[in-house]
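Participant: Sequence:
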Amino acid sequence: MNYNTNTARAPRTGAPMRYRKGGMPARHKAIFAVILILYTAILSTITYFILYKPSSGPSKKIVEYSTDKQGNVVKNVQEYTPIEGNYNILLLGLDKVSMSTDVVMLINMNNNDNKITVMQIPRDTYIRALDETRSVTNKMNENFVDHYNYRRSSGDDEDTAFMNALHDVETIFEDSLCININYSAIMDLEGFRNIVDTIGGVEIDIPQDMQYKDPGQDLYIDFKAGMQTLNGEDAEKFVRFRDTYAQADLGRVNAQKMFLVALFNKVKSSISLTNLSMLNSLADSIFSSVTTDLAVSDIVYFGRSVLSCDLEGITMLTLPGNLGGSDHYVMNRAAANSVINQYFNTYDRDIASGAFDSKGNFNNPSISYINEVYYSAENKLYDKNIYNGSEVDKSKIDIPLIKKKSN
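Here the sequence shown is numbered in the numbering used here, starting from 3 and rising by one per residue.
In short, the hints are calculated from the structure, not lab data. One or more hints might be untrue.
[What the hints assert, rightly or not] Below, a list of computed lysine-lysine pairs in the BS3-like style, where the Cα atoms sit at most 25 Å apart:
id, residue 1, residue 2
1, Lys268, Lys226
2, Lys98, Lys239
3, Lys117, Lys386
4, Lys117, Lys398
5, Lys398, Lys270
6, Lys98, Lys226
7, Lys55, Lys226
Values in this document were obtained by computation on a predicted structure and should not be read as measured data.
Sequences and hints are given; from them, build the entire structure.
Facilitator: This is the structure we're talking about:
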């Protein structure tokens, strides 16, 4: 066999590069170092987001009050230790014009059991104001602006006062309901509309014809009953409507449960880690309209939790209570204590009755109808229903309507 020694041999594809004694050239070393650093940074970031788990917070000392045989009040301080993987988030929906928060929700993310619980607090819920002499209504929806105005009058700038007021509301819930709120967030109506539009609207079966006009608020609602896809503007109208509900704001709260389930379905079917365009748009909508102490890593963590949950793992309820003798909704102490222990207690022990709302922030003993509802038996509740997400999805929540007078 003859060999032509004058013919150059083509290098084999993929053959390793060999360097003379002295090693890799300096230029190649620099390129290799940059690639290695970038690769390590990307890998570390991905690993961080995959393995990241928010802290459940420190232990908390809670005072439990009881009465001895002689009728004396006894204080007993107990230490409550949080359970890892179980978190509470406070979410407020803000009207930037009035600065009122007509939407108040407490959300529990139980990642140990892959469950989500949402409790709505009606906007008309009685809550003791920061300054009784200044308050007009003592309603939940003015509590945030009450604290915001106080913070501004104390010298905070707008942004600082806004965040401090949010934490003030958070503190009231923590102290009164004896829970740990890990994070809080406040979203304006524009942000709500943008998020709905970003995911392409929300399909919902509207339970009845809805007509309402309020030129003063530039609010015009005209929906026909049946399945419809609501854009951001129409979704806002749906969740604000309450005109023909016999229970007024409680009817609206239950209609919002229907919308939340429809929104959950749309998010589950639309969001994909491969759809970078939608993810970027959704992130822009959230960060431009939400004030929160959630970090990006926290949002990613809870976002994965939402996407991994199904309707069977979602529970929805209203703060247990009743309509009082006027336009206030009043929390029932015993029922609320029971619900908090079942769904929102992230500690290793039950919250004792003697600790729950010990300062009476949700009661006014000097107003008889409020005091009566606050201490009444659980079976006298106006809204005591607890709904499973799948039940809400398959059948409409029964929302009593105002009966029209026959001609």
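Participant: Please go over all the hints and tell whether each is borne out by the structure.
Facilitator: For each hint, the structure was consulted:
Under the criterion of a C-alpha separation no larger than 25 Å, the hint pairing lysine 268 with lysine 226 is consistent with the structure, at around 21 Å. With a C-alpha separation of about 16 Å, the suggested pairing of lysine 98 with lysine 239 holds against the 25 Å cut-off. For the proposed pair lysine 117 and lysine 386, the alpha carbon gap of about 20 Å is at most 25 Å, so the pair holds. For the suggested pair lysine 117 and lysine 398, the alpha carbons sit about 22 Å apart, so the restraint of at most 25 Å is met.
Of the supplied pair hints, the one linking lysine 398 and lysine 270 holds, its CA atoms being roughly 20 Å apart against a limit of 25 Å. Between lysine 98 and lysine 226, the direct Cα distance comes to roughly 29 Å. Violation of the 25 Å bound is thereby established for this hinted pair. Between lysine 55 and lysine 226, the direct Cα distance comes to roughly 45 Å. Violation of the 25 Å bound is thereby established for this hinted pair.
Hint check: violations occur at hints 6, 7; the rest are consistent with the structure.
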